[in-house]
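Q: Model the placement of chain B on the given structure of chain A, informed by the hints.
Respectively, the protein sequence lines represent chains A and B. The first sequence lines up with residues 1 to 566 when you count with this note's numbering. The second sequence lines up with residues 1 to 679 when you count with this note's numbering.
Don't read these hints as lab results, they were simulated from the structure. Don't take each hint at face value.
Stated by the list, open to error - Residues of chain A clear of chain B, computed beta-carbon distances all greater than 10 angstroms: (1) Pro43; (2) Gln59; (3) Lys158; (4) Lys212; (5) Gly239; (6) Pro249; (7) Ser356; (8) Leu431; (9) Asn484.
Claimed, not checked - Selected chain A positions facing chain B (in silico; Cβ < 7 angstroms): (10) Ile395; (11) Ser396; (12) Ala413; (13) Met416; (14) Lys417; (15) Pro427; (16) Leu428; (17) Ala435; (18) Ala442; (19) Lys518; (20) Val520; (21) Ser523; (22) Phe539; (23) Pro552.
Even for Gly, the Cβ is constructed at its ideal location relative to N, Cα and C.
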Amino acid sequence: MSSEIIGIIVMYALVLLMAIPLGRYIGKLFNYENTWLDRAFNPIDQIFYKMGGIDPYRQMGWKEHLAALLTINAVWFIISMFVLLNMEWLPLNPDGNPSMSGDLAFNTTVSFITNTNLQHYSGETGLSYLGQLTLMLWQFISAACGMAVCGVVFTAMKEKTTTQLGNFYSFFVRSATRVLLPICFVAAVILVFNGTPMTFEGKDTITTLEGKEQQVSRGPVAAFVAIKQLGTNGGGFYGPNSANPMENPNYITNIVENISIVLIPIALVFALGYVLKRRKLAWTVFGVMTLGFLLLLIPTITGETGGNPALEKMGISQTAGNLEGKEMRFGAAASANWATYTTCTSNGSVNAMHDSFTPMGGLTTLLGMMVNCFYGGIGVGFLNFYIFIILAVFISGLMVGRTPEFLGKKIEAREMKIAMMVALLHPLLILAGTALASHLYAGNPEAYASWLANPGYHGFSEMLYEFTSSSANNGSGFEGLGDNTVFWNIATGIVMLLARYLPIIGPVAIAGILAAKKYVPESSGTLKTDTPTFGFMVFAVIFIVAALSFFPALTLGPIAEYFSLY
Amino acid sequence: MKSSTTTLFQPELVKQALKQSFIKLNPASLIKNPVMFTVEISTTIMLCVCVWTATGATGQGSFAYNFVVFLILLFTLLFANFAEAIAEARGKAQADSLRKTREETPAKKIEPVGEMYVDEVQIVPSSSLKKGDVFICEPGDIIPTDGEIIEGLATIDESAITGESAPVIREAGGDKSSVTGGTKVLSDKIKVQVTTNAGESFLDKMIALVEGASRQKTPNEIALTILLAGFTLVFIIVCVTLKPFADYANVPITIAAFISLFVCLIPTTIGGLLSAIGIAGMDRALRANVITKSGKAVETAGDIDVLLLDKTGTITIGNRKATHFHLAPGVAGNDFIQAAVLSSIADETPEGKSIIELAGKDPKSFDIPTPRFIKFTAETRSSGIDFADVRIRKGAYDAIKNLVEKAGNPFPEAITQKVKEVSGNGGTPLVVTKNEQVLGVVELQDIIKTGISERFDRLRKMGVKTVMVTGDNPLTAKYIAEKAGVDDFIAEAKPEDKMNYIKAEQAKGKLVAMMGDGTNDAPALAQADVGVAMNSGTQAAKEAGNMVDLDNDPTKLIEIVEIGKQLLMTRGTLTTFSIANDVAKYFAIIPALFITAIPALQGLNIMQLHSPESAILSAVIFNAIIIPFLIPLALKGVAYKPIGASALLRRNLFIYGLGGVIVPFIGIKVIDMLVGVFF
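Isolated chain A, as found in the complex (with noise of 0.2 angstroms):
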């Protein structure tokens, strides 16, 4: 086996080896229980619940939940939307960076309110610090916001008739301060050590070797990037976010950023065993998830380690794989890794360009973002997971001749119609929001001309990219798109709104619904939803639903190109 390969398996042991304690510690937090910890934060804590004016025991149904979270989130919105207009005069800003055009301000704002990290902008003279800070903030609440509402469907699963699902703010404060800032705190002293800079002076000069003089970007730079990775962010403080040397320097780095990526994502399944006591559930949806990224995992892999068969014919060695648009010091295997962690986990940081993957390798990692539940984002990945769970346990508890029950909670009509609007949701948005651009070129190439470096399938593959990178709020771009342009900036950015705060209000509206309701005790005639044959069952229901619904516009992008290329 390559090196290129044993890197990779290792450095998936190590999320798991960190996955599954982490899990047990946020269960704890979500519980209420005591942690080692407590002496530290309880009084950090205290001071924002006195800032806030709030009482952290008291206790809220799901509308009161989501409430607070729409608050927060409506509060901050003004906020960044002020700083990124007005930067240019505001302080922290040492380079002289220009303040942001409205819709950019807009796309900007939305791209970090809603974990998604879309960049039309390039950090180093598009933002000043005070920007760039603003944006960190949010990488935080965005994360924050997301594991509080993991934790609040937690808590409703695990209840057995109740209306009362804890505080919402202090799920979001305890998330912040006891999880996110000391992970966080040990990613970022890690990079600093490798050669992050973490400064607040501007643009440094340096002689290159050529004994030429360059101007060298600096800013905070560590602390940015460990939140963009462990808040399945992905908002690079520089345009070519973790490919540049300065955000992800060397091998190490790349390794302590990939597992960054996923950890809190699949610590939170563990979570949810822990909560409810019912570990075997949490390993059956640990199973679906990696089952599916696998499948994904490995034809990237094989993709781009295989190199282009086009240059091949040129004469041009492929024996280390594609290497157009990677990073030499990671390589073509650890690239692939990287991109089918990113897509899979909602988080869209990049340490490779997506645009340059083989089709295979661009298939896939639209697929990672179209399902968007293989591990996913930060507290909504199990989200859009428990909607499919919904979906999985309607039909086969009809397959096996009894009304339908999720943890002993009948599943009825109400809930069948807002997991349905949810799943629908994810499929329109991307294909309404391809069709309306592919409308628009193909009406009118020349005009439009500017939007795609590659026309024919790659340019399409570039639109579908885009919109699926906003509905799944990744992040991440096939950057061939020229999409600072008023249409993108707008485009994406509502569906980047309605893809956040939707599929959070409907799994949020279901666990809270069927908290209220009468609990029904297991039976020998009850579905087990801890086995492997619901686990198989919940696979087939994401295939069919999130992977087939985009079969024809893929066919038209990705599996085109491929066949056309092999």
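A: Here is chain B on its own, set in the frame of chain A:
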């Protein structure tokens, strides 16, 4: 279950259903089924395209091709309508055979004159009877409508309803006071009060449910319809957005191809069969001679967690039987048996008869001068016979012990032991004495129905807990419960005990079913999630329950649970099958859409279908003919196997999930080989 032998497709029913298939094309009725409604819209669009191509439009393929697509879609609709129509026709035929019993019959109505009832009888048609009217029936009369006996007792032939030829006794003021229209009075005269207006009886309600007039979707059906509508919406999005995608890629796609893709992807198979499955469920209940008041009740039956069963008649054969003679020490066997037989000569109870049966002696063979029979009374709690100077008594242990000890005779310790032993085994001991001397003990035992414990085993595997309700003492109850294999029992049960048990189980979130007939049972029947009243029961019981069993068979509950489970399973498996079919259909149609413009996509044509046209036609044809192929399954229901939920899911997932993926690949390929000759 007298009609269960009828074939699925009787010619006259098929004819009727065929006609209905066309009538049901009316969009106003089809709109209730969102999946099939979109197919109807698609069919209409194809009709327009046919006209358009016929008038010379180009770029949409030949007229013949478009027309064939139109025809197939029309047939898809007709097949779906046929499925519903045949299910309705079968249900209606079943109901009609029951309704035949209640054709116009003359009724002897009692007209109140003045302030008092005088028996002035008028002959009126049965349809003019109203609730509260009173009529009389004499031997040979057909009872004109449902009612409750308010005076008298009669033997009645109910074979028209139950198929059971033995006459039954119905009398005023008990739990067996109900009479059903269409049944025949064999002896005696009864006065009956009408309980329902014409057209409002349970049977009429059931017929309306089957016919669709008042059929409401059950909660589960609604949820499934939402799921199917959701899938339909997904594929509307997929197909509509494909147009601009194709424009971008410069791939011309005909309207026929879009419509075909859409119709193939939406779950038409389950959409077309959904209402047929629901009707067939009620029909199966009706075939089991159970009248349900709503489709929901059948569905709920599938979810039942706890089943309350009366001991007598359900678990044990109605009556106790003598099984053993236990001798007292120093008594000759023949003496004891003779005394036991003699004491039972005048005993008309089944228990008494069974003693004579067990003894195997004809009582007439004994020479008894001037016998004097002593009847059983509540005070003496014994019965017997006196002749000459002989006094023979048979009775309960303590009553006889009293009698013996009063006479100054010793009560043998061995007999006391025996009595305890018999009671401990669930039996009833009867002590026999001759001239206040104990001869021995007759052991009476409940006879547990053969095969009943296997049925309980089956229920246990379904996850249903069985509870035996009995008036017996806890010791006897426990013994019988163990022997029959029920999970729990309520001993010395009073009506309110049933009610409390049901409430306690429901508080734990369980669904409870019970069967009952008496007015005492009415509150419990109403409280239970599924309450099955016996047709012979009182009107109150029938009103309180949500099903009525025409056969008065207490084991019917078990069948009802299976019917409910079958109903849900049939829906689930056909949904899975329908959705799994999409994989193959995608692989048939998607390459066909693009292959002309993008020849490289030949690689996706894994079935190697002949041409784009033949591929599309094959997929649509498969999509249409799978519906009639599955109608028998929809009507009969998927067989329920009590093998545990996970094993059942695995099994159904294997058959209908994996089968649903593979079958269309084969089917479409075969059809393509045939269609490929023409297109």
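Q: So which of the earlier hints does this model not fit?
A: The structure conflicts with hints 8 and 22, although it agrees with all the remaining ones.
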